Structures are given as structure tokens and as C-alpha cells.
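Chain B: place on chain A using the hints.
2 protein chains.
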Amino acid sequence: MNAAVIAVGSEMLGPTRVDTNSLKVTALLELFGIPLVRKSVVADLLDELADEISHSLEHCDILITSGGLGPTEDDLTREALVKALGLEVAVDHAIIEKLEQRFAARGWKMPEVNKKQANVFPGHTTLQNDRGTAPGFHLEVGGKHVWVFPGVPGELEWMLKTYMEPWLESVSGGRTRHRRVLKIAGLGESAVEEKLKPYYTAHPEPLTILASPGAVELHLIFDSTDEIATREREMLDIFGVRCFGFDDDTLEGVVGRLLTERGETLSTAESCTGGLLAQRITDVAGSSAYFMSGVVSYTAKVKTDVVGVDAEVIRANGEVSEPVAVALAQGIRQRFGTTYGVGITGIAGPTGGTPEKPVGTVHIAAASADRVEHRKLFWPGTRSHVRWFSTQSALDLLRRFILQQ
Amino acid sequence: MNAAVIAVGSEMLGPTRVDTNSLKVTALLELFGIPLVRKSVVADLLDELADEISHSLEHCDILITSGGLGPTEDDLTREALVKALGLEVAVDHAIIEKLEQRFAARGWKMPEVNKKQANVFPGHTTLQNDRGTAPGFHLEVGGKHVWVFPGVPGELEWMLKTYMEPWLESVSGGRTRHRRVLKIAGLGESAVEEKLKPYYTAHPEPLTILASPGAVELHLIFDSTDEIATREREMLDIFGVRCFGFDDDTLEGVVGRLLTERGETLSTAESCTGGLLAQRITDVAGSSAYFMSGVVSYTAKVKTDVVGVDAEVIRANGEVSEPVAVALAQGIRQRFGTTYGVGITGIAGPTGGTPEKPVGTVHIAAASADRVEHRKLFWPGTRSHVRWFSTQSALDLLRRFILQQ
Chain A
8 MNAAVIAVGS EMLGPTRVDT NSLKVTALLE LFGIPLVRKS VVADLLDELA
58 DEISHSLEHC DILITSGGLG PTEDDLTREA LVKALGLEVA VDHAIIEKLE
108 QRFAARGWKM PEVNKKQANV FPGHTTLQND RGTAPGFHLE VGGKHVWVFP
158 GVPGELEWML KTYMEPWLES VSGGRTRHRR VLKIAGLGES AVEEKLKPYY
208 TAHPEPLTIL ASPGAVELHL IFDSTDEIAT REREMLDIFG VRCFGFDDDT
258 LEGVVGRLLT ERGETLSTAE SCTGGLLAQR ITDVAGSSAY FMSGVVSYTA
308 KVKTDVVGVD AEVIRANGEV SEPVAVALAQ GIRQRFGTTY GVGITGIAGP
358 TGGTPEKPVG TVHIAAASAD RVEHRKLFWP GTRSHVRWFS TQSALDLLRR
408 FILQQ
Chain B
8 MNAAVIAVGS EMLGPTRVDT NSLKVTALLE LFGIPLVRKS VVADLLDELA
58 DEISHSLEHC DILITSGGLG PTEDDLTREA LVKALGLEVA VDHAIIEKLE
108 QRFAARGWKM PEVNKKQANV FPGHTTLQND RGTAPGFHLE VGGKHVWVFP
158 GVPGELEWML KTYMEPWLES VSGGRTRHRR VLKIAGLGES AVEEKLKPYY
208 TAHPEPLTIL ASPGAVELHL IFDSTDEIAT REREMLDIFG VRCFGFDDDT
258 LEGVVGRLLT ERGETLSTAE SCTGGLLAQR ITDVAGSSAY FMSGVVSYTA
308 KVKTDVVGVD AEVIRANGEV SEPVAVALAQ GIRQRFGTTY GVGITGIAGP
358 TGGTPEKPVG TVHIAAASAD RVEHRKLFWP GTRSHVRWFS TQSALDLLRR
408 FILQQ
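From first to last, the protein sequence lines stand for chains A and B.
Under our numbering, think of the first position of the first sequence as 8, with each following residue one higher.
Under our numbering, think of the first position of the second sequence as 8, with each following residue one higher.
Next up, chain A with everything else stripped away, as it sits in the complex (with noise of 0.2 Å):
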């Protein structure tokens, strides 16, 4: 059993996007060890989009297609549909109403151009959208499986997820391969070669290294999950602390889950990375349970006033030290009376640099009630991977510091 997947959009023709849908679509198939064949990109237009479907049937035995399902006259992944399979089509009025109740209950009325997405394929399956308006299909033509998704990539994760993957497991007789990923921080990419070298010398199975910004990844894809527990372990023995979580984990979510667990709280005093830390904190649900406050203190004035840090130490140190760094961790602890508190500032360019302390320095600090922790950062790269990589480095810190607690 083998697959191919088209990219439905002129959009992604152009120089400036590219279709990412496909690797959702590519890391659920290899669960199951099914091998992508083919992936294509094509654009609005009726008939090469059909002539396009017709020619991934003859070379797969599932077709998964995303985007061109909404509801203005260049999605046309319904008609193309039509043309290569000789589909016949109705108006599921159920839909049109669903649809209408959903623009009424923002107190829109619908425009008349979505009651095409109410036009489903009599005799194969329609799949409801809880995530849009779009609904999607599956097709079953000659033998062969059409999954029809639509392009939005939070709506065709959730219809993976909700119809295909059981869908796979059903055909697959359960799942065939298996995935792990740890998270590694604070280590680069070529350091965490080095680090496996030894492994790689005893164990010439692929492991894949994945480097993402500020984090590295190791995936182990195994058989069996026995196999799969044993790799975990020698991994964990080899980076220990510096393996901060496994599969869909994130930093923030990690320093979540370990403040949740102990009944903690954390507040944010930062500069540089202009509420990045904060905003990232605050993406995990539930985070109001622990995160209290954060400030983001672009002023000299603001450090002091409202984050209680001592002019007197700005003054002798500059905005941009260790010590502001710490006493914006310890400030706004006091302040907002958390169990922790982070400090960041730096310069995150392109300009305010100086040959002492030059675009890309960053110090960061974790406070408790009695102890502190600092770090002196240089980050080369533009402002967004300074902003990026400090606030990374600082979850990570926090981690540790409170792993530490």
C-alpha cells in the first residue's frame, strides 16, 4: 500500500509559500508505514487540478488532497473531483444550516458564496469540520481510498486525526511503526553528533537528528515500543538533564507542567524579547493557574518604577548586565509575590549595539525567595532569533532552576 498527496493552491506556485500540509499528512502515513510516492503542487485551475488526480490514482492506492475547499470561485477541488471520478453531486441542506448558525452565532450573515460547501458526493463519505466550514471526504473509486481535506493547517490536522488515523489503524490492522522524539536543549546540533558518536559506533540503526530552532531533536522510529523504551533510555543516559521532554512537548509547556505539579507560580520582567516570553508562557492552557504577571519593561524608567529595580544599579551597570538581569528576576518576584521570577535584557538589534556589549548580548535570571541564577547570552542573527533564542534559553534555565528548588 503506498500514497500521494496533492497540494491544492495557486498560492504555494508562487515564490513565497511552500505546502507544509503534506508533512502532517507524510508523519501519520509512516506510523503506519505506508510510503509517500509522489507529492504535488497545482494550482486553481479545473482541469489540470482533475487531470492531476487522475494521475496520482494510477501511481497509488491512497490519494490525499488538501486545500481548495472554500467557499470562493478559485476552490475548485469539488469540480476537479467531479471531472476525474465522474462523482455525482447533491446539496446537503443540514450543512447549509450548520453553516449558517455558525456565521449567525458571531452575528454575521452567511454569504451566499459558502452554500457551495454544502455540495457533498452522494454514496461516500462527507467529513464533518468542527474546525471551519469546510467539510471534507472520503472517497472510495475503483478499489481505492481519495481523502479529500481542507487546506487550513489546524482544520486538516484535526480531520487526520479524527478520521483518517482511524481509518489507517482499522486497514493496518493496528500500527505497524512507532514514533518517539526527545528534546534536547542547550546542546547544538553538531554537539549533539558529537555526543552520539560512541552510539552511533554500536548501534548502526538509523536515528534521525533534527535541529530546530533552540531545540534538537532525536527520532527513534521503531517496530516495536520495547525497542523504542530501550533507545529512550540510552538516550536519556547519554543527555540526562538536557532532554527536556519527548513527542509534542515544548519548553514553555515542560516549565508548565513542573509549576502545576508543585503548586508554583512565576512572573517576567523582559526587555529585548518585548513580551515574547510572556506570550509564550501564556500559549499553554491553564497557564493562569501559575503564571501571574509579566512586564515589559522597554524604559529604564519602567525597570524601576514598576519593576523596583535600582536606578543606582542601571546607572553603574548599564540597562544591559548581570545585575539588572538579576534584579529584574528578584524585582518582580517581590512584586507580584510568585514563587519565581525571570529577568531578561539584552539587545536584539540591528541597531543599539556597541563594541563592548554588541547586538546579540543577552543576560537572562531566575529568582526564588533565596537563590538566583544568571547567564550571559550571545546570540548571532537577526532580532527575531535573538528574541527567539533568549526566550528559549530562559525557559530553559527556569527549568533547571527549578528542577534544582
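Calculated directly from the structure, the hints in this document are not laboratory data.
Just to be clear, a hint being listed does not mean it is correct.
Each computed DSS-like pair below joins lysine-lysine, with the alpha-carbon atoms no more than 25 Å apart [what the hints assert, rightly or not]:
no. : chain 1 : residue 1 : chain 2 : residue 2
1   : B       : K383      : A       : K116
2   : A       : K123      : B       : K202
3   : A       : K308      : A       : K364
Covered stretches of chain B (chain A as the covering partner; in silico rule of three or more C-beta atoms under 8 Å from a C-beta of chain A) [said to hold, decoys possible]:
no. : stretch
4   : 23-31
5   : 46-52
6   : 55-67
7   : 131-138
8   : 294-302
9   : 357-367
10  : 380-389
Per the computed footprint, the stretches of chain A lying under chain B, defined by three or more beta-carbons under 8 Å from a beta-carbon of chain B, are [as the list claims (entries may be wrong)]:
no. : stretch
11  : 31-37
12  : 53-63
13  : 66-80
14  : 188-198
15  : 237-249
16  : 300-307
17  : 387-399
Source: prediction; values computed, not measured.
Glycine included, each C-beta is placed from N, C-alpha and C at the ideal position.
Same frame as chain A, but now just chain B:
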């Protein structure tokens, strides 16, 4: 004249890598007004690849392939071209010599497998590769053009510039295309489409509508800059102040430009968006000139103590209410002495909703010394959705608030 792209390589069919070479190709094609009708990624399998070459050539005048020209066994693009197009193969001994010299220069002996890279197609053009070992090809077959490039990005880019761009110039007679993007806030994709219906009827030229989260883009692509200027004026007549910018503009960037031009300043007090608003504002280089500070007020205590919201206002209306959003905007403006203040309070979910105030309810406000504006929003969707759309609306409210000042 139109084009298609094939990216060759099984590694791009897994869950971790996408083809980005095609973006370089399409950026070049776009300058000459040559549309891309399809692109595909094919595994390193001879039959699949040969079939894909034949199939793509049925749909385009120019086919560009990248990858599969290396020396290893799974580099099969040459073999697939022979199979698909019935080409002859010959060994170019001059290439073998050059390869051997290249290896010798680094003190290495050329591996035998590299000799494969000296296989060329008599009667067609071999493209010397000054950046690597794999030559490319320009084939003319049945009136169509096939450009065969290596997959290493630096080598591909050099070949595009060195060989393909001059060729495109010569065949197109120097004809170039221009692109202008208009960005619309405060209207969904289908509402934009509704507004454009009368225009569409009068102007059948294609106008691409692209929805990105919280904004809609209108892409105008025409041969002459005059034509683009005319269309742009027509679009501005239709969308007026809802068009917030052009091309690479972002809402936060546009707000920053307005504030810089006017020498005005800004502060923010946000709850449910958790720092995302401050983070987006400070993502703009130079924002320290106008963004004074922000508070992430995740508790009522911080709203009263730091931002100066009257505790009675919170008690009487609840934290998620119009009066609290207004008090946050006005309070933070006064606290930090800025021209404008923005307040956001809401329920991002997934928990915390009530029948009267369901998850997704958000109040935003903008205040100056003598004026205040408020909007109540309701966003369906995930926590991230609610947060993103809320900041998008707050930035747009602020933009229009400043324009009216």
C-alpha cells in the same frame, strides 16, 4: 508559455523536509511572466521519475528539474531523462578530467562513482557547474525545453542566474511582470470576495485573493506598472481604510510607521493575549523609539495595582468587559505617559468560559488623552486563534484610531 518543476529526492517525501528550490525557480519565472502550472516531488525511483517527466511535459512548455544528479546509486535523473525522452548518452572525457582535477586540488582521489557525472546527452547543451561536481543540462525535445539542475541550493541558484536567466531574457524579449500586494484587515475572505464581485464582472483579469490569519491579501500581477497603479487605485476605492498596507507590510509595521512619523508613543495592557501584542509591536526593528512598555495583567490585582484599574469597575463588570478594556487602555497610557494606550481583556480558552461570556469573548480598547474606542469581539477556534486574531484586531483598531487623531 508556462512551466513546471520537478524536485527529485525521497528525502523530501518524509515528514521533515520540504522542497524550497522551486521557490527560487518561480521567483525567476515570475519576472518574465511565466506561470508555473504545477510542481511535484518524486522519490528516487527510476520508473516514477521517468513517468513524472513525461507527465509534466504534457502540461508545460518549460520543465525544470532539481536534484538527482549526484554520483550515488539513488541519483537517477539522468537515467530517467533517457527513459522518458529517448536520449542518447555519451561520456564527456573533459568532464572526467575536470572532476579529477577538482578532487586532486583537495588532495583526494576521485571515487569511481563520480564518473557517472560525465554522462552527457549528445545534441543537447551541458551546463558546466562552477559551484559543484554535477553538470546540468538544457535539453530541447519536441519544441519544449527541459532544464536539469543539481539539487544543492547554492549550485541551483548559480545555474539559474548563469544559464537560465539570460535564456529567459532572450526568449521573452525582455518582457517582465510586476506584482503588487494589497493587504486588507477587518474583513474575512468571503466578505472580500463579496465586495469584489461587481469588480470581477467588469474586469475578468485574474486577481488572486489570499487569506492569511486575520488579513486578506489581494495580489495584482501585470505587465506594466501603470496597469498595476490603476488597479491599485480601484482596489483602494473599494476597500478604503481597510487596506492597511502593501507588499511586505504587517499591521505592527504600519502602526510603527505611523507612530514614528508623528513622534507619538504607545503602551499596552493585555490579559488574554499574554504578551503577544507587545511581542508583535516590538518585533519591529526600531520599536523602542515609540513603544514605552507593556504589562501582561493576568490577575485582577495587577490590573488594579500596576495599571490603575478601579477595583470597583472590575467588581461591577467582571474582568472581561468593556469598562475594564477601556480602563486598561486609559490606565496604561497614564501610567507610562504615552500618547496612546491599548487594552485587551478576554477569554482565550479552552476553559474559563461562561454562558454569558463564552470562550472567545474579547474586549479591546484604544485610548488617547481625550478619546477612547472599544470593540467587542468574538472568535471561535483554539486558544492560539483567539489570541492571534485579538492582537490583529487590536492593532487594526489602533491603526484606525491613530489615523482619526
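Okay, the hints, checked on the actual structure:
Among the hinted pairs, K383(B) with K116(A) is consistent with the structure: their alpha-carbon atoms are about 18 Å apart, no more than 25 Å. For the hint pairing K123(A) with K202(B), the CA-to-CA distance comes to about 18 Å; that is within 25 Å, so the pair holds. A C-alpha spacing of about 21 Å is found between K308(A) and K364(A), which places the hinted pair at or below 25 Å, so the restraint holds. Counting residues of the stretch 23-31 of chain B whose CB lies closer than 8 Å to any CB of chain A gives 7, which reaches the minimum of 3, so the coverage claim holds.
Coverage of the stretch 46-52 of chain B by chain A holds in this model, with 6 residues showing a Cβ closer than 8 Å to a Cβ of that chain against a need of three. Look at the stretch 55-67 of chain B against chain A: 5 of its residues bring a Cβ nearer than 8 Å to a Cβ of that chain, three or more, so the hint holds. Figure legend: the stretch 131-138 of chain B, annotated as covered by chain A; annotation inconsistent (0 residues with Cβ-Cβ distances under 8 Å, at least 3 required). Counting residues of the stretch 294-302 of chain B whose CB lies closer than 8 Å to any CB of chain A gives 7, which reaches the minimum of 3, so the coverage claim holds.
Given a C-beta distance limit of less than 8 Å, the hint that chain A covers the stretch 357-367 of chain B holds, as 3 residues qualify and 3 suffice. Note: the stretch 380-389 of chain B has 4 residues with beta-carbon separation from chain A under 8 Å; the three-residue rule is met and the coverage holds. For the stretch 31-37 of chain A, the proposed coverage by chain B is satisfied: 4 residues have a C-beta within less than 8 Å of a C-beta in that chain, meeting the threshold of three. As drawn, the stretch 53-63 of chain A meets chain B at 4 residues by the rule of a beta-carbon pair under 8 Å; at three or more, the given contact holds.
With 5 residues carrying a beta carbon less than 8 Å from a beta carbon of chain B, the stretch 66-80 of chain A meets the three-residue requirement, and the given coverage holds. Three residues within the 8 Å Cβ limit are the bar, and the stretch 188-198 of chain A against chain B gives 0, so the coverage statement is violated. Coverage of the stretch 237-249 of chain A by chain B is violated [criterion: at least 3 residues with CB-CB distance below 8 Å; count 0]. Coverage of the stretch 300-307 of chain A by chain B holds [criterion: at least 3 residues with CB-CB distance below 8 Å; count 7].
Requiring three or more residues with a Cβ within less than 8 Å of a Cβ of chain B, the coverage given for the stretch 387-399 of chain A holds, as 3 such residues are present.
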